[in-house]
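The primary structure of each chain is shown beneath.
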Amino acid sequence: MNREQLPSTLLTSLHVSYIQNLGKSTDDLAYHLTAHLRLNAIYWGLTALFVMGHPDALEKEDVIQYIQSCWVEEAGGFAPHPGHDVHILDTLSAIQILVMYDALDRIDIPRVVKFIVSLQQPSGVFAGDSFGEIDTRFTYIAINALSLLGCLDQMDRDGAANYIKQCRNFDGGFGRCIGAESHSAQVFVCVAALAILDRLDEVDGDTLGWWLSERQLPNGGLNGRPEKLEDVCYSFWVLSAMSILHKIPWIDAEKLTAFILSCQDPEKGGISDRPGNMTDVFHTNFGVAALSILGYPGLVDLDPVYCMPAHIIEAKGLQKGWKNLQRRVE
Amino acid sequence: MPAPETAAPAKLKYAERPEWADVEPLQQYEIANPLAPILYSEEYKDATDYLRGIVKAGERSERVLELTEHVIRLNPAHYSAWQYRYETLVALSAPLDVELKLMDEFADKHLKTYQVWHHRRLLLLLTRKPAPELALIARILQRDEKNYHTWAHRQWLLAFFNEPSLWEGELDFVDTMMNKDVRNNSVWHHRFFVVFQSGVREGEEDRERILKRELIYVKQNISLAPNNASAWNYLRGVLEHTRQPFGSLAAFVQPYTVPLPASTTDIVDLENPPPGRDADLPCAAAIEFLADVYEERGGADNVDKAVELWRSLANEHDTIRKKYWEWRIREALATSS
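For the record, the sequence lines run as chains A and B.
Each number in the working numbering comes from the position in the first sequence (counting from 1) with 2 added on.
Each number in the working numbering comes from the position in the second sequence (counting from 1) with 20 added on.
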């Protein structure tokens with residue numbers, strides 16, 4: 003693609019209609035394969051809409067009813083789609099969407115809390131479902147969800163922090179489980195989880211901040227590990243952790259902003275992983291979220307710990323001491 | 021996402037097969053849904069309708085294995101199918117070597133899918149036979165050298181079973197992978213895991229010797245390819261882990277911080293292997309390292325030297341991180357004055 007044709011401003015109205023239209027496409031052959039991501043997709047889309055200042059772009063009541071249809075009565079949690087199995091990923095998405103819509107009263111909170119707490123293992127880490135896969139990602143999800151529900155005291159907080167601590171590597175980063183390689187996305191979940199638990203003392207901020215700033219490549223984009231390609235979604239994983247550690251000024255914000263903007267589809271809207279690739283709602287959300295952290299003009303502040311609009315987290319009294327770049331005016 | 025796969029040869033739908041007539045297929049519940057229309061291929065809809073029917077009835081039988089395999093082939097991320105398959109295998113006391121063999125094929129095809137690896141782990145917990153697994157992992161890593169799940173699976177296997185025979189060939193394996201790509205961060209991470217993070221095994225008790233061995237190893241690799249962030253991170257990690265001063269490496273690092281001299285001598289110095297003749301120098305990571313050495317030594321003169329090096333990174337050799345280097349300069353000057 004010709005460099006000069008790449009977008010250099012955020013195409014907000016195109017992205018809004020792109021997200022609205024996701025629900026209307028009927029000829030997408032790959033769509034049935036993503037049923038297991040359905041509630042996540044709504045969370046990504048809705049978060050992007052809130053951050054772009056269009057919180058009413060979806061039919062709120064339809065969304066809430068859909069969430070309720072994903073409730074799995076026997077398990078006490080949410081599935082990605084009706085008829086699927088309950089999973090902690092979807093349970094968090096459901097809670098996040100309902101918090102954004104101020105509609106938490108539509109679910110049985112004590113039962114959801116019980117389900118989430120039941121997934122914590124003796125080592126302190128959380129499993130994602132009864133299949134038993136463990137991941138620091140699930141620990142973050144549990145902590146995020148429980149704190150949104152005001153029930154953080156019902157889990158073993160020390161156990162969770164202790165497990166995360168053991169995932170810290172020699173380069174200052176964190177991995178998926180004990181012994182696993184440092185990875186930007188795992189760094190985000192571990193740092194954000196520790197932030198919610200008020201245990202950031204477990205992080206070596208300068209070493210990790212340096213490792214995170216090393217993720218920026220000469221083209222401005224960020225990667226997940228050394229010697230890997232840049233990808234828009236890492237903009238969020240890296241920046242969110244850096245915001246929590248107060249290290250955003252170490253990033254070349256101008257170059258990263260230009261990189262994210264160059265990944266927009268100027269015709270159909272949406273953001274992709276790299277310039278010229280197919281867009282999707284996942285990269286659209288994390289691209290917009292990263293731009294908000296970078297202070298892009300006109301966007302709503304994003305809380306990097308929860309990846310939700312900052313004013314909503316603040317209203318719940320959950321805001322931590324992160325530091326995004328100051329919002330620029332056009 | 022992997023492309024959908026059609027199970028070959030084309031079979032009749034479950035709805036048309038008499039041996040499935042006793043199962044009540046359960047259709048997906050659909051309601052108006054803003055971001056999520058569902059368009060199913062006929063084959064997938066048919067198979068998952070019957071899977072839902074089977075799950076509802078709680079059936080555990082051979083044909084459940086057939087059906088779950090079919091669904092997983094169509095969508096390897098369908099974790100409900102995986103979970104039901106695993107529970108069925110256990111309930112039937114099915115032969116797990118047969119299952120693992122089938123899973124070898126899945127690991128090859130769907131190596132980026134979490135569930136494939138988690139299922140293997142559950143099977144290994146039952147078979148308690150980890151040894152053949154190392155060869156399979158090695159084979160898969162030949163194809164996708166940085167696959168996160170595969171490396172994590174190997175680390176889990178080694179640490180969980182923790183048998184001396186499993187660890188025995190691990191450093192040779194690291195060498196094999198390193199020879200393929202010296203810039204593969206997963207391999208460097210794995211080496212650190214094996215040498216420093218998984219306990220001290222027999223024959224490795226002399227930690228002085230191990231430290232020396234690791235320093236020679238990383239220095240030789242830097243000599244072969246100086247601009248390699250993973251190797252420099254490893255060097256820092258080893259020094260910090262063993263509490264060695266960075267200054268002990270100053271003589272080695274110095275030649276990497278300046279342009280390559282026009283003529284080089286052929287003196288072989290194992291302690292301090294010099295950059296190769298085609299090295300792209302100066303190397304930013306070496307400049308950073310040397311600046312840390314000066315900062316560690318302390319004193320106004322040394323801080324000045326460090327600041328000079330950081331300036332060269334900010335303005336010339338690593339401009340994308342200009343803000344970071346400027347911060348280092350401010351911090352060092354504030355502390356030293």
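Don't take every hint at face value.
Some chain A residues judged to face chain B by a derived CB distance under 8 Å, without partners named [to be verified]:
id : residue
1  : 124
2  : 125
3  : 126
4  : 129
5  : 135
6  : 170
7  : 172
8  : 173
9  : 178
10 : 215
11 : 216
12 : 252
13 : 284
14 : 319
Derived from the structure by calculation, the hints contain no laboratory data.
All figures in this text were calculated on a predicted structure; none of them were measured in a lab.
Just so it is clear, CB atoms sit at the ideal spot from N, CA and C, and this is done for glycine as well.
Verification of the hints:
1. 124: violated (15 Å)
2. 125: violated (12 Å)
3. 126: violated (17 Å)
4. 129: violated (10 Å)
5. 135: Holds: closest Cβ of chain B sits about 4 Å from residue 135 of chain A, inside 8 Å.
6. 170: violated (11 Å)
7. 172: holds (3 Å)
8. 173: holds (5 Å)
9. 178: holds (6 Å)
10. 215: Hint on residue 215 of chain A: holds, closest Cβ of chain B at ~5 Å, below 8 Å.
11. 216: Holds, about 7 Å.
12. 252: holds (4 Å)
13. 284: violated (11 Å)
14. 319: violated (30 Å)
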